[in-house]
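Novice: Letter by letter, the chains look like this.
Number of protein chains: 4
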Amino acid sequence: MRKRILNIAMIGSGFMGKAHSNAFRQVAHFFDVPYDPCLKVVCGRNREKLESCAAQWGWEEIATDWQTAVHREDIDVVDVAVPNALHAPIATAAARTGKVVLCEKPLATSLEEAENMAAVARQVPNLVWFNYRRIPAVAFARQLIDEGRLGQVFHYRGIYLNQSGNDPRKTTGWRYARSEAGMGAAGDLLSHCIDLALYLNGPIAELTAMTHTFAPGRDVDDAALFMARFANGSIGSFEATRYGVGCQNRNTFEINGSKGMLQFNLDDMNRLAFYDATEAPNTRASRAITVTGPDHPYWQNFWKPAHPIGYEHTFIATLGDFLTAVAKKEAFHANFDDGVEVQRILEAVAKSAAAGTWVQTVPALR
Amino acid sequence: MRKRILNIAMIGSGFMGKAHSNAFRQVAHFFDVPYDPCLKVVCGRNREKLESCAAQWGWEEIATDWQTAVHREDIDVVDVAVPNALHAPIATAAARTGKVVLCEKPLATSLEEAENMAAVARQVPNLVWFNYRRIPAVAFARQLIDEGRLGQVFHYRGIYLNQSGNDPRKTTGWRYARSEAGMGAAGDLLSHCIDLALYLNGPIAELTAMTHTFAPGRDVDDAALFMARFANGSIGSFEATRYGVGCQNRNTFEINGSKGMLQFNLDDMNRLAFYDATEAPNTRASRAITVTGPDHPYWQNFWKPAHPIGYEHTFIATLGDFLTAVAKKEAFHANFDDGVEVQRILEAVAKSAAAGTWVQTVPALR
Amino acid sequence: MRKRILNIAMIGSGFMGKAHSNAFRQVAHFFDVPYDPCLKVVCGRNREKLESCAAQWGWEEIATDWQTAVHREDIDVVDVAVPNALHAPIATAAARTGKVVLCEKPLATSLEEAENMAAVARQVPNLVWFNYRRIPAVAFARQLIDEGRLGQVFHYRGIYLNQSGNDPRKTTGWRYARSEAGMGAAGDLLSHCIDLALYLNGPIAELTAMTHTFAPGRDVDDAALFMARFANGSIGSFEATRYGVGCQNRNTFEINGSKGMLQFNLDDMNRLAFYDATEAPNTRASRAITVTGPDHPYWQNFWKPAHPIGYEHTFIATLGDFLTAVAKKEAFHANFDDGVEVQRILEAVAKSAAAGTWVQTVPALR
Amino acid sequence: MRKRILNIAMIGSGFMGKAHSNAFRQVAHFFDVPYDPCLKVVCGRNREKLESCAAQWGWEEIATDWQTAVHREDIDVVDVAVPNALHAPIATAAARTGKVVLCEKPLATSLEEAENMAAVARQVPNLVWFNYRRIPAVAFARQLIDEGRLGQVFHYRGIYLNQSGNDPRKTTGWRYARSEAGMGAAGDLLSHCIDLALYLNGPIAELTAMTHTFAPGRDVDDAALFMARFANGSIGSFEATRYGVGCQNRNTFEINGSKGMLQFNLDDMNRLAFYDATEAPNTRASRAITVTGPDHPYWQNFWKPAHPIGYEHTFIATLGDFLTAVAKKEAFHANFDDGVEVQRILEAVAKSAAAGTWVQTVPALR
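Residue numbers (the numbering used here), protein chains in the order written: chain C, 257 to 622; chain W, 257 to 622; chain E, 257 to 622; chain S, 257 to 622.
Hints were generated in silico from the structure; no laboratory data involved.
Note that the structure is a prediction, hence the values are computed from the model and not measured.
Just so you know, not all the hints are guaranteed correct.
Copies of one chain are not kept apart here, so a pair can be met inside one copy or by any two copies together.
Straight-line alpha carbon distances no greater than 25 angstroms define the calculated SDA-like cross-link-like pairs of lysine to any residue that follow [unchecked claim]:
hint: 1; residue 1: K259; residue 2: H285
hint: 2; residue 1: K515; residue 2: P472
hint: 3; residue 1: K560; residue 2: A471
hint: 4; residue 1: K259; residue 2: D288
hint: 5; residue 1: K515; residue 2: F470
hint: 6; residue 1: K585; residue 2: N488
hint: 7; residue 1: K560; residue 2: L295
hint: 8; residue 1: K259; residue 2: Q408
hint: 9; residue 1: K584; residue 2: A311
hint: 10; residue 1: K585; residue 2: I331
hint: 11; residue 1: K584; residue 2: D288
hint: 12; residue 1: K560; residue 2: K584
hint: 13; residue 1: K515; residue 2: R431
hint: 14; residue 1: K305; residue 2: T469
hint: 15; residue 1: K560; residue 2: P537
hint: 16; residue 1: K259; residue 2: E307
hint: 17; residue 1: K515; residue 2: G458
hint: 18; residue 1: K560; residue 2: T428
hint: 19; residue 1: K515; residue 2: D551
hint: 20; residue 1: K259; residue 2: G407
Isolated chain C (complex conformation) (with noise of 0.2 angstroms):
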């Protein structure tokens, strides 16, 4: 079977580049899609390092202007790997033209831009790379709660730690101003639990939050938290930071029901715990289920049952369902309509930081 070469514009060379990059060499590997990723172009603003990308992964051409780049005739796909301010601009340019639509997270830097993103991309088919959806042990996650291991929901945590705010070196960049950013911690990583809680646990109806910045005149956030009651009945407890002094990348979430628990943790992504509350008393424990096989998601894909995959697979993994749904013709998840449900509630932990009271968090209707 032939398969159809799709080009490919990515607009970003950084650490994101890097992963969609690679993403883009290797799907086919591991996928058996119906497509033939062509590295077409890839856009920026540094030319230096626009020249390096495409030599240590084989973009045929560089181009440091976006705009030319995404109307091109000959490019199926746009890929947005920038600043969270830019997003809107080119995925919206991109959609208008009829291009597949690949987006980073969080989608944008406002609730309001989110949906005029959505409104746009809906037309073509548009993914946001909430990449940790697809790590086998959220995936397999997913389906013990889908098959109804856990009963009924009482509590679900998610927290995501790091310290890169406690480091001087490292917060200079992009990440740090909101006029790049948009938000803080709240958009780096508190959109990853949101994402992943909307995903394993449903619509959140109302939180409070809080906000912090601890370095002086820094003006997003360092840290950000909640409390939520999710639509289900059970009760949500968020924190994201960069001054989680001595987590490197710890992202977990924590889900105890009548009938189980399950916890994950970023820094252990091979693995899933796993409690089955329904068990014999004297033998009831949580279990370290290794996520590589057999009978897991994507264990067929990789590698052999306990050979663990790493970071880099999520975005496989994530490109490797999006092209098997877009052939399929097929709904795909995460896709902008979900990255505007992640940013009402973003918008929702801002506004109740700054007014210090509960804010409602009706879920659109779609």
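With chain C fixed as given, assemble chains W, E and S onto it according to the hints.
Specialist: Chains W, E and S in isolation, oriented as in the chain C frame:
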């Protein structure tokens, strides 16, 4: 040296009565105290349980009338180990007669009640059984903090999860009745988190809380959560629940500071995790210190290094330190005034949860 | 019911003397035994240490002549807690006078000595302090094995690592002198591994061993290792060392069978890891069971589920089971005959290490 | 800079063929090597599997005759990823024609065969795929050892446990036939332990071994164990088994030295536990270092610190280092001579197991 005999009257013969009886029996074996506790009389409502308790632990007498016991001239110490609503009358009566007073936690069922108790108890040596302060790992955490090993504190997390509420067989006792317990998970579990937080991180300035009752018809909280700002500028996140399915006795704290991190979990009570951010980057990592010596709190009281102690030793160490302080006429904590501070936060939690707003929790000047 | 008073003479007042004293004091608090141990006399060579021990634990008398103590008519029980070379004369004398005899491990300094001791001791109730059999997690492992949860056993690993030998301050005691200890790490540590292996996996048929002394001039082994074949067809791997730097008290076993795996580590003594190979592949994983109840060995003797016990409770449980067995005239293990079986393996280890060949270890018929 | 194209012929298209294909595809994305690998031809016996492999990874051609492929003038590199018994003829033929030769482990099915292979291969750049040396945590262990952080080594333990043998569905492949594999668990698993031991702790002087086959009728070992003395005076303990039920891919080493301890487990491959015995006693404890940077081996090749890599990256790093060494005409390890040293130990294991005695394993002088 002859030891002075201390005649004890213990009010209550439940699980705490067992833990206290053991502490009275064992304290002189592990601590060099100038007293010889004599288990004089155990009081309660149920004669059969009293006889069983007396037979097991060697209480000389049993009594069903606590007032007579408390007023006996031969009694030196009154130990209050009954449901919360009875703490105030018994402890107050005992203090008024000049007895040494020991009281289970939470001190009271309201802030006002607690303050009244403390006002009376200040006249005599007094103790609140916040036993977890005396876990060697917890005391060592305090020592490291006092030495400045954490630097400026950014985040404090205190969480106590058990699953008692999800077990219908266990939910009919006094702990589930407002008239006897005052509160639910808040008084039972969250009070421990609050005491440790005040002990380790100082006063809480303000908080916003939520509480929830999962079980229909129950009149106490099953879960209580709050977010806080500490007086030292750090941010706190707290949760206690009886619906933490999968967790039997998970009482944890975690502190991130500019120079390091500490983590403790009661499920692994002989260990303290310490991350020292001042070390060389390539060998910097959290270390799970077995806090059984050498050079750890209480390491010469119990067994040799690497020979773990258990739950009961927290009571023994509390009593050992208390009797030592009494002998030396030194201050002891946690005392009734410390119990008041915990009650102040519990009251703010209830108030904030009802109002849905932030509440100031300015600590009392003493 | 009136309890019978048991007058104890304890020979030795070192670390084991402390552990035994505590067991005598505590056994009736946790076990429903028809005896009331009376700490009559503690014997030893150093009067100052004896007085300190007596003061701390309430021994009524001290004595420096064990022979007189052992022959006193008012003594019911002789407890031997002295260096290994003295086990035989004291235990034998005590058994000959009809006393109940308790003896520290290893039972003797040679197989012949052990067999002679057992021949005499069989006339009276007797016990060897292989206390780790009574760790709830270990007793539960035995229960799971007896229930067939492991299926056919393939592999048994028993390892005991500490770092005492690497610490020059600790190497001058009797444990480092052949004349007093008989062996080094083999008697001190490996004997525990062997006893647990025989208890959990049955007789050893043959073995090949190596021993090594790292410290110049020391006349006992610092490390002892062997490979073995068990009578049940499984393969064993054993190691004990005092040069396991980084390990304070790591006494572990691990068993792989056709239906599952068990893992235990004394450093985490309230837990047992169990892998059930008969479960569904995608949720099959090792689970760390907290063996504090419900439905676990000793869970009703000590505290509530999830309230950990410590090192000392292994001695209390050993004594509790022993006194119960004595009262019911039932068999008790580990007794002197069990001590002989451990000695048989230790002797084979020494013989094999010297010869560099495999040695048969056919267990005695009893 | 133009890169030189390297035409690859890969012999074998099984699991290792997949891992190698990925390494050829990815090496230039993560390592700055002056070569551009071209996946020219994949050879094997099964045309259908070859077509599938070629389609997945982009091999330009397939071939069922390895001899023709090996002798093609346009081929620069021959990669041998076939059952062990075929390593010698293919690798030798390739080396004789002057090709760069890469060979899977174990190098051969006998010491003599391995020595003959090495004699020929020394004429060309050559590599044995002992990929676990390139796990960052393992390479970092070597670095710490080289820096003297362990002091004098006392104990080395190398264990590789999986459960493949206990699964009847998996036991019919070439790995279970002596004619194709030469050995069972010894060649498959123990060879990895031996290579790491020689890499980390130097030559083995003597050993005594046992092997066992649990499955009736199977002609290779299911388990192989040995005890050893290293040339540096330390003691070794080794075990490999396919009946380690409960363990999927547990390849561990543990080293105790006078100044510290190291522990590694392939099941947690991004971490290395390090105990530094020179630290203050009260904060001395094993720390689980996440070896993903900063300042760790390969941390600038893959992702950012705390972004884990997986199984496949061990092959990429091996190839990256090899191509770098080839370009710089520097020595590379593990090469065929290193493969010989592993084979020397494997042969001694077989010999000792058969004879039941210790065997000298004096390393060859080179």
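Novice: Next, verify each hint and record whether it holds.
Specialist: For each hint, the structure was consulted:
1. K259 x H285: both (13 angstroms within a copy, 24 angstroms between copies)
2. K515 x P472: between (46 angstroms within a copy, 18 angstroms between copies)
3. K560 x A471: Result: close only across copies, 23 angstroms inter versus 46 angstroms intra.
4. K259 x D288: Classified as within; 10 angstroms inside a copy, 30 angstroms across copies.
5. K515 x F470: Answer is between; shortest inter-copy Cα gap is 15 angstroms, intra-copy 40 angstroms.
6. K585 x N488: neither (31 angstroms within a copy, 56 angstroms between copies)
7. K560 x L295: between (29 angstroms within a copy, 23 angstroms between copies)
8. K259 x Q408: neither (45 angstroms within a copy, 52 angstroms between copies)
9. K584 x A311: Classified as between: cross-chain Cα gap 21 angstroms, same-chain 34 angstroms, threshold 25 angstroms.
10. K585 x I331: within (20 angstroms within a copy, 43 angstroms between copies)
11. K584 x D288: Answer is within; shortest intra-copy Cα gap is 12 angstroms, inter-copy 39 angstroms.
12. K560 x K584: Neither. Shortest intra-copy (27 angstroms) and inter-copy (35 angstroms) distances fail the 25 angstroms Cα cut-off.
13. K515 x R431: between (40 angstroms within a copy, 23 angstroms between copies)
14. K305 x T469: Neither: 31 angstroms inside a chain and 56 angstroms across chains, both beyond 25 angstroms.
15. K560 x P537: Close across copies (14 angstroms), not inside one copy (33 angstroms); limit 25 angstroms.
16. K259 x E307: between (28 angstroms within a copy, 16 angstroms between copies)
17. K515 x G458: within (18 angstroms within a copy, 38 angstroms between copies)
18. K560 x T428: between (42 angstroms within a copy, 17 angstroms between copies)
19. K515 x D551: For K515 and D551, the Cα distance is within 25 angstroms both inside one copy (22 angstroms) and across copies (19 angstroms).
20. K259 x G407: For K259 and G407, neither the intra-copy (44 angstroms) nor the inter-copy (51 angstroms) Cα distance is at most 25 angstroms.
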